Amino acid sequence: MKISPRAASWLQVAPMATVFVTMVLVPLCIIFAVSFLDYDFARVFPEIYLASWSDALGSRLTLDLYLTVGRFLIITWVITAFVGFWLAYFLVFHVRSSAIRLTLLAAAAIPFWTPGPIRMVSWVPLLGREGLVNKALMSLGVIDTPLTWLLYSDFAVVLAYINLLTLAMLGPITHSMAKIPRSLIQAAQDQGASEWQIIREIIVPLAKPGIAIGTIFIVTAVLGDFFIVKIMSGGQTNTPANAIATELAAFQYPPAAAKSVMLLVIVVALVALLLRFVDIRKELRD
Amino acid sequence: MADHIKTAKPKAAASGALNRRSVLKSGAAAVAASAFPAPMLWAQNIKDIKIVHVGQSYSTIPNIAEKANEDLDFTVEMQTAPDLTSQINRLLTQPKSIDVTDVSNTSMKYFTNRGILMPLNVKDYKWWDKTVPLFTKGTYENGEPYSMQGFAPIKAQYYTDETASAYSLEPTEWLVGVPLYYNADTLGIRPDLIGRPIESWAELLNSEFSGKVALQDGVNVGVPDAAMALEAMGDMTYVDKGNMTRAEIDATIDKLIEYKRAGHFRSFWTNFDQSVQLMASGEVLLQSMWSPAVTEVRTRGVECTYNGMKEGYRGWYIMMMAVSHLEGLQRECAIEYMNWFNSGWAGAFISRQGFYNSVPENVKGEMTENEYGYWYEGKKSTSDILNPFGKVMEKAGVIRDGGGLWDRMGNIGIWNTLMDEDRYLVRRWQDFLAA
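Chains A and B, in that order, give the protein sequences. Those letters in the first sequence? Residues 1 to 286, by the working numbering. Those letters in the second sequence? Residues 1 to 435, by the working numbering.
Incorrect hints may appear among the rest.
Interface residues of chain A toward chain B, partial, derived using beta-carbon atoms under 10 Å [what the hints assert, rightly or not]:
| id | residue |
| --- | --- |
| 1 | Asp55 |
| 2 | Glu130 |
| 3 | Gln236 |
Note that these hints are calculated values from the structure, not bench results. Owing to the predicted nature of the structure, the values given are computational and were not obtained by experimental measurement. Backbone N, C-alpha and C define an ideal beta-carbon position, used for all residues, glycine too.
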């Protein structure tokens, strides 16, 4: 039996398309529909109620939530991109033995060796009022009273993000850099380019896809996170994802649905924007 | 509507239970549940019955499941929901996967008129006459009515009738559920770091402890606690701080935002472990806590007291109920299991964690005199007090903070709550968290 190429392509996409439609699109449509309904005590009534949307789109709360998460995102991105770039540069161009390179790359994954909840709990003995950092600073005479902003603060949230997400930046950048032909660098050196010129003219442009992919990881991780921010801020910081979690815990589905749709649109828009800087297909092919 | 009708149980099943119950009673039934003589036919089928009890880690304890399976002729399978949200969601969306559950009475508004939970005829529950009057009559032991601020137990203890469509403040023959646990919560205190007595909820917002207090992260506990403090300070007056009006919610949240911006709160806690860690690590000197969490702090060698405040304790209550899809023998076994749960052994087990059981008389027989004296009667311990797993909780010569059952449960200032204006409160709580 002969199948036309057209039919064959349809058959090939069918399994994934089925999963995507039934597990993603249909639930999304339901969530979108629910966001327009009235609700009370874990019930959703089939009556149109637009306040979930007017609140999501026009309240001071929404502005505060996105300003907070936007601040976390920018700080985290700047630091992880900076650290990730230079670590990758060091690993790819200065570490000669590939065994050592792999070992060092694996070492960057150490934060993931322990489960999330335990990792979060263990910040307290480190950063707490009577934690190691405060004790060390006090015994060195740097401070007289313990620093309280080390924990349950924006600082603590960003620190945890950097701790976890630097790897998400390091990986893709290392991958991009590793693909840069050595002959290109050598040619530049032969022409008398300084190391800094090589970095600026060759490595940064060619590492851009890695930076873009790393950025996608950071954007989705920070915007979607509610656990780290909850633990590290001591529940005292509210982000869009936390607001959704609070509403779900109160069984208030329509406002949670409106906020979720809104967050989804923003994340998708950011990712779409970032994808303009990188050809994912090309990255996967090479 | 179809759901609604389901709550009305076939009469045959109800009267069947009655007959068996009276047979059991005549069999001199004061012994353990396992000793009950059962009719032959019943005994043969019962082995195949499995009762699925879905609760949270504080109720679905493996030791209790083991003992239940030892005592009862049918199988009990306990399943632990990771948190209240998933438990309630499962009850609301897949009630048929559950036979028996236990939730706090403040969750009852999610189930009102949905036909999910089974009303229990008082005749099917053996221990109602011996149950403390907090639940049966809505009073303290001395007959005085208790505070109705918040979700007082009597507000969702009786249904007006078998249709389970409305709650009754007056006793009826239809119970919403079987009372399991209850307790009187108050502020946990680090006396070594504070150095003076703490006797009022107002201290929670005292600037002296700025940056060193924590609040429970939620509108059902954290808000009533904060309201107790605001009222005690004279900053707020409420008609019913357990069920605020929108204006009262606004005023309360606005005040709390001021405190939060001034850095008054060190952290908010959402679970047992966090509250223990905050207190034991010295991050926090003063916070609302659960009794077992205070004990846990103490077993780590850190001083922590838990005395009552002059405005009273914050009370709470968890009850057990069967799910309404149950029929015939399965239903009878579920009822049997609920009766077993309060027959003493399980009650004694949870009492050793610092909670109270609703039938103290049954618990008394399962505890040593020393244990019962310490946990329930406010007596000085005569030897080591062990937790259910054999760990030493207190040495000899210690009196429980706050005293005996009625010293603590007899002085409730507010109950955990789910306010009528929950939707508005959660929205304003978001503002507070974002501030």
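Under the criterion of a CB-CB separation shorter than 10 Å, is aspartate 55(A) in contact with chain B as hinted? holds (7 Å)
Less than 10 Å between beta-carbons is the criterion; does glutamine 236(A) satisfy it with respect to chain B? For glutamine 236(A), the interface hint holds, since the closest Cβ of chain B sits about 6 Å away, which is under 10 Å.
For the hint on glutamate 130(A), does the least C-beta distance to chain B fall short of 10 Å? holds (5 Å)
When each numbered hint is compared with the structure, no violation occurs for any of them.
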